Amino acid sequence: MNSMIAARVLAWRVIRHYFSSWKGLFIAIITPACMLLFLGPSIGNMVQDVALNGHNVGYMTYFLPGIIALTIFYGALFTSGNMIVMDRVTGFADMIKVSPNSAKTITMGYVLGSAIVGSIQGLIFLMIGLLFSPAFSVSVLSILAIAFMIAGTAFFGAMGFLIGTRVSFDNFSLIFALISIPFVYTSTIFVPIGYFPTTIQFIILINPISLLVDLARAALLGLSSWNIYFSNIIISVLLDGILCGVLFGMMILTCIKTYPGFTGNKRQRTGKEFNKDSASLDYDFLHSISKEIGIKNLEEWWPLLKEGRIDELLIRFPEEKVKKILEMVKQAMVHEDRGFPANDH
Amino acid sequence: MDIITASSITKQFGALEVLKDFSMHLEEGTIVGVLGVNGSGKTTFLKILLNLEGFQTGTFTMLGHNFAAGRKHGKLSPEIACKMGYVPQQPSFDEQMDGWENLRFYGKLYHLSESKLNENVGNVLQAVHLERFGDMQVDKYSGGMKKRLAMARALLVQPALLMLDEPTANLDPQSRNDVWDIIERLNKEQGMTVLLATNDLAEAQRLCDDVYLLQNGECAVEGKPVDLIDSLNAKVVEFIMTRDGSKEKEQILDELAAIASDASDRIEGYMHVTVFIPRDSTKEEELLQLAKNHETWFETMTVRAPTLEDFFLKRVGVSFEKRSDFTFGTLQRIFDKILKETNS
Numbered sequence: 001m002n003s004m005i006a007a008r009v010l011a012w013r014v015i016r017h018y019f020s021s022w023k024g025l026f027i028a029i030i031t032p033a034c035m036l037l038f039l040g041p042s043i044g045n046m047v048q049d050v051a052l053n054g055h056n057v058g059y060m061t062y063f064l065p066g067i068i069a070l071t072i073f074y075g076a077l078f079t080s081g082n083m084i085v086m087d088r089v090t091g092f093a094d095m096i097k098v099s100p101n102s103a104k105t106i107t108m109g110y111v112l113g114s115a116i117v118g119s120i121q122g123l124i125f126l127m128i129g130l131l132f133s134p135a136f137s138v139s140v141l142s143i144l145a146i147a148f149m150i151a152g153t154a155f156f157g158a159m160g161f162l163i164g165t166r167v168s169f170d171n172f173s174l175i176f177a178l179i180s181i182p183f184v185y186t187s188t189i190f191v192p193i194g195y196f197p198t199t200i201q202f203i204i205l206i207n208p209i210s211l212l213v214d215l216a217r218a219a220l221l222g223l224s225s226w227n228i229y230f231s232n233i234i235i236s237v238l239l240d241g242i243l244c245g246v247l248f249g250m251m252i253l254t255c256i257k258t259y260p261g262f263t264g265n266k267r268q269r270t271g272k273e274f275n276k277d278s279a280s281l282d283y284d285f286l287h288s289i290s291k292e293i294g295i296k297n298l299e300e301w302w303p304l305l306k307e308g309r310i311d312e313l314l315i316r317f318p319e320e321k322v323k324k325i326l327e328m329v330k331q332a333m334v335h336e337d338r339g340f341p342a343n344d345h
Numbered sequence: 346m347d348i349i350t351a352s353s354i355t356k357q358f359g360a361l362e363v364l365k366d367f368s369m370h371l372e373e374g375t376i377v378g379v380l381g382v383n384g385s386g387k388t389t390f391l392k393i394l395l396n397l398e399g400f401q402t403g404t405f406t407m408l409g410h411n412f413a414a415g416r417k418h419g420k421l422s423p424e425i426a427c428k429m430g431y432v433p434q435q436p437s438f439d440e441q442m443d444g445w446e447n448l449r450f451y452g453k454l455y456h457l458s459e460s461k462l463n464e465n466v467g468n469v470l471q472a473v474h475l476e477r478f479g480d481m482q483v484d485k486y487s488g489g490m491k492k493r494l495a496m497a498r499a500l501l502v503q504p505a506l507l508m509l510d511e512p513t514a515n516l517d518p519q520s521r522n523d524v525w526d527i528i529e530r531l532n533k534e535q536g537m538t539v540l541l542a543t544n545d546l547a548e549a550q551r552l553c554d555d556v557y558l559l560q561n562g563e564c565a566v567e568g569k570p571v572d573l574i575d576s577l578n579a580k581v582v583e584f585i586m587t588r589d590g591s592k593e594k595e596q597i598l599d600e601l602a603a604i605a606s607d608a609s610d611r612i613e614g615y616m617h618v619t620v621f622i623p624r625d626s627t628k629e630e631e632l633l634q635l636a637k638n639h640e641t642w643f644e645t646m647t648v649r650a651p652t653l654e655d656f657f658l659k660r661v662g663v664s665f666e667k668r669s670d671f672t673f674g675t676l677q678r679i680f681d682k683i684l685k686e687t688n689s
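Protein chains in written order, with the working numbering: chain Y, 1 to 345; chain C, 346 to 689.
Pulled out of the complex, with its shape left as it was, chain Y reads as follows (with noise of 0.2 Å):
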């Protein structure tokens, strides 16, 4: 009960912070909006119809479910994924963890969160999508086909947690990019199934968003892109719920198990603030020094340079690279407030 409560409360939060940023909702809503009001009828009017378990149907029809799919996808990933970058940056992950709760509460309140905000802005734009498709109906198979779209909104949730726990604030957005660009293009978002190649098929098909976008489909048209295999609506929609559920259990397991990995404030600051901050200078700058040169380990410069030998310091690394770590180390020196970590720590 206790932990509900915790994982309530930390889910709220999560929620609160999406809706009370004007920034969060934009860049959400952005992207699917411009491919709603431009790139679909754009494409709409140069391909007519499109061919669908043998039904032809508009583009924009066929196109819908998989803007809902991927206003999904990016609303939970990016807002659980940054909600937790920015908690360890300030700091706040560490108050967060010293309560008294396991893991598995602190990762459910972070994914529920990020679930509920998918499925809300998922809902905004399945709303406008009920425009396009006047065929819809509400039907068991659409209620099943929405709720199973939860369990695979929870998955992108559940892997926005695990990259924010694992990369810095610095390398996020390069990482949000390099994950989610290929679960997009390799979906049957734009393109119907049948258009890859026949070898791929059924890796597109089980890439999760895939999968939303075939229970979006389900449940506004009755269409299934598994139809290449079978016909069946109701089988694919189960197939496509019990993958979903298969992928975020799989997901939120690694996310309690690999979660003393959120420990830790690994900020990482930028030679620029080091001057603005007037914050003690700590070991985390002597490891953004490392960072910025491109030296994995503090260890292999610090204590040489610490110790005054230069000689083998200059060795070791490129004449650039030394010079480089005095002026970083200098600037940070000349900053008044700065202390320096004493001979040993």
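Don't read these hints as lab results, they were simulated from the structure. Computed from a predicted model, the values in this text were never measured in an experiment. There may be inaccurate statements among the hints.
Just a few of them, taken from the derived set where beta-carbon distance is under 7 Å, the chain C residues facing chain Y [said to hold, decoys possible]:
#1 Pro423
#2 Ala426
#3 Lys453
#4 His456
Where is the CB? At the ideal position from N, CA and C, for every residue including glycine.
Use these hints to put chain C onto chain Y, whose structure you have.
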């Protein structure tokens, strides 16, 4: 009863030894300070206790639970976590929420019931004199207010052990005093046990029953501030000089040292000289005469009782103001040498 007993804790980051064989104990109802310059391992020690960091050797017992080296760091058990309040060096809050909301959020994470939460939030805000600012968004709080809010957050769960990591760093004198008053009150009136990591010796002297000085990751000195200061058996005479850097100044300083009992009794800073004389001696009169003889060289002369800072200056040779000796002198020399070599 000991709340914390740590023995032979060693912590390494790769080849860097942050803590070496560090042992300490903290009795119930006392305030113990872990002192040291920046990077001396104070925060790391606190993080080890909080289970935010692992450690390589040693053991510690905290609130009746044993912890051994090599365990996987991660989460403290709920039973211990509920008894601990932690104020980090840089307090972090959800800045989109106001003070009340932040505390309520935190209280819910600590599983406080709604009625308890309402009661405690009001009480802790009052305890840290923030009751009028509870509904102000935290990003509008000053540094001092954030520190006090962090104290309020730590107190919300009525902890048996309060861990404070440099609670007054970067605060103005008034805010600093306010925080000290709060800590003192908690300890004296409620008997709260406090572990304080600080590099502020005035803070340690005022608040701590016992201090441990960490130097290069090792415990250099341990004892009660009063006893440590008393062991100096000295009075302190401070001179502020009007100018610096000539042979005449050197001569004057030598005369000062000759009046004091030995060379180590004179500590020199830029335009600033501190002389230790035996507590029951009348050497200040000789020093005053010397100052009068060279009056153009002296701005002020002050005789005062020694402080914890004086103890560390004299006995350990650590100036917390100057931070580590390594700070500018050593590094600057290394830099000059490296720059010369790399340029040649």
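Could you check if Pro423(C) really has its C-beta closer than 7 Å to a C-beta on chain Y? 3 Å, holds
Per the CB criterion, is His456(C) less than 7 Å away from chain Y? At about 4 Å, which falls below the 7 Å cut-off, the nearest Cβ of chain Y leaves the hint on His456(C) intact, so it holds.
Per-residue hint verdict: Lys453(C), partner chain Y, C-beta under 7 Å: 4 Å, holds
Please verify that hint: Ala426(C), Cβ, nearest Cβ of chain Y, below 7 Å or not. Since the shortest Cβ distance to chain Y is 4 Å, the answer is holds.
In this structure, every one of the numbered hints holds.
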